[in-house]
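Those protein sequence lines, which keep their order, are chains G and E.
With numbering that gives the first Met the number 0, the residue at position 198 of the first sequence is 197, and numbering never jumps.
With numbering that gives the first Met the number 0, the residue at position 182 of the second sequence is 181, and numbering never jumps.
In short, the hints are calculated from the structure, not lab data.
Virtual Cβ for every residue (Gly too), placed ideally from N, Cα, C.
Please note that the accuracy of each hint is not assured.
Claimed, not checked - Pairs of lysine-lysine, DSS-like flavour, derived with a Cα cap of 25 Å:
#1 K178(E) - K85(G)
#2 K117(G) - K3(G)
#3 K72(E) - K86(E)
#4 K156(G) - K14(G)
#5 K178(E) - K72(E)
#6 K117(G) - K201(E)
#7 K167(G) - K156(G)
#8 K76(E) - K86(E)
#9 K117(G) - K178(E)
As the list claims (entries may be wrong) - Computed Cβ-Cβ distance ranges for the label pairs, DEER-style:
#10 R54(E) - Q96(G): 48 to 58 Å
#11 D196(G) - P183(E): 15 to 25 Å
#12 P200(G) - E36(E): 48 to 58 Å
The primary structure of each chain is shown beneath.
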Amino acid sequence: MSDKIDEGLRSELQKQGIWVTSMQDLYNWGRKNSIWPLQFGLACCAIEMIATAASRYDLARFGGEVFRPSPRQADLMIVAGTVTKKMAPQIVRLYNQMPDPKYVIAMGACAISGGPFKQGYNVLKGIDRYIPVDVYIPGCPPRPEALLHAFMELQRKIDEQKLTGTNKASHLDSAQPSEFPVPAFGAHDLEPSLNSDVFHPPEIERA
Amino acid sequence: MESLEEIKARAEAVVPDAKIEIVLNPGPANQPSLLLEALSALRVARFLHDDPALRLDFCSNATGVDWLDRKVKTTRKVKKLVEGEEKEVDETTEESVPGYLEAVYHLYSMSHKHGPVIIRSRTVNRADDVHLPSLTPVWRSAEMQEREIFDLYGIHFDGHPDLRRILMWDEFVDHPMRKDYVEPDDYEYEPTPHDEVLERAKEHYPARPELEQLTPRE
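Bound conformation, chain G alone (with noise of 0.2 Å):
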């Protein structure tokens, strides 16, 4: 492993031409810089999120150009925009169709909490609700460069993931789910509102 082995010992290996590593951080480098976002947007997010793709912000640079039109090949999910109550289902199939490992980013105040749409009945108030998220963007929209925030931050927490040990990463976790039950559609509103697996409302006391 890569704390095991001294660093100054590592670096002088490395003048002389050999490269000490472990299949942890290799396995990790491997992914961090390679994550394929799910092609989809919901609201005026998603125009900052083609901005960041796009020539002058140039996600490309951290290997996340590659958008997939198809959940079985993406590993991230950048949730950018307002999610109705409509649309909350198929966010968490879509979810529920990415392999394992995903990641979720939710982009903008609507993914997050609903933002200014909150108290309105047919909004949800933010996708950690049905899905876990990974990295938050509060922002509405959020610009190009807070999406590239995110973005090396959840490359960050790739690289800390451990492959072994008991707070290994939950893709690799079997007890861990990597599926989720999607919401459905009620008379009022989604049944269930929240999953509460998932989804820890903050105690809060009301001055």
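Given chain G, work out where chain E should sit, using these hints.
Chain E alone, transformed into the frame defined by chain G:
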């Protein structure tokens, strides 16, 4: 363009059984409209569309309005015997008017470049008899908007080619734009609640008196 009164007179001449009423709209907008009854609305609409002088070939907008049941107070002066003397006394009678749903269409003419002519029709009530004729056969652009009215207000448009919900899902039973719509009770923390949201915050989160001093009093 001719006045609304002239349009009304000509429409009634062409469609003899039509009962058209002019609804005034006092206010800065001052846009009076023609109130059509459900039975003849489609034929009057056809006249407005086809008449060579009017040629209202463009329905720019169709929307719904929800009018709740209301009480109308009328005050009359009545002569009454009060303590042996005949006096004029104000007598107030209350009359409850049943509510109704209304569909409003804004019509323009592309060929004559005039408009708008506003037409509206009302359902009998807002509970069980909520049918109106669809004007989609006359103006194709009304199709999606009538679906939206059906979805959000619950007006059934007879003769509509494809009357399904358009914004909410098919299993949904409520009509969110009705004034008595009750939202699902899913309030969640809001950093700066105000007005109705503040009321809901009070219901959902316990108050802490020691923090109350920090918030400005009204």
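Exercise for review: Sort out whether K86(E) lies within 25 Å of K76(E), counting only the CA atoms.
Suggested key: holds, 10 Å
Check your understanding: Are the Cα positions of K167(G) and K156(G) separated by 25 Å at most?
Key -> Status holds; Cα separation ~12 Å.
Exercise for review: With a cut-off of 25 Å on the C-alpha distance, tell me whether K156(G) and K14(G) pass.
Suggested key: violated, 28 Å
Review point. Holds or violated: K178(E) with K85(G), Cα cutoff 25 Å?
Key: Holds: K178(E) and K85(G) sit about 22 Å apart, inside 25 Å.
**Study point:** Pair hint outcome, K72(E) versus K86(E) [Cα-Cα no greater than 25 Å]
**Key:** Distance ~22 Å between K72(E) and K86(E) Cα, so the pair holds.
Check your understanding: CA of K178(E) to CA of K72(E), is that 25 Å or under?
Key -> Since the Cα atoms of K178(E) and K72(E) sit roughly 22 Å apart, the hinted pair holds (cutoff 25 Å).
Practice item. Confirm or reject the claim that P200(G) and E36(E) have a C-beta distance inside 48 to 58 Å. Key: holds, 51 Å
Review point. Is the hinted pair K117(G) and K3(G) satisfied, with a Cα-Cα distance of at most 25 Å?
Key: violated, 49 Å
Check your understanding: If you draw a straight line from the CA of K117(G) to the CA of K178(E), is it 25 Å or shorter?
Key -> holds, 20 Å
**Study point:** Verdict for R54(E), Q96(G) (Cβ pair) under range 48 to 58 Å
**Key:** holds, 52 Å
Practice item. Using the Cβ atoms, figure out if D196(G) sits within 15 to 25 Å of P183(E). Key: holds, 21 Å
Review point. Are the Cα positions of K117(G) and K201(E) separated by 25 Å at most?
Key: holds, 17 Å
Of the hints listed earlier, those the structure fails to meet are numbers 2 and 4, in rising order.
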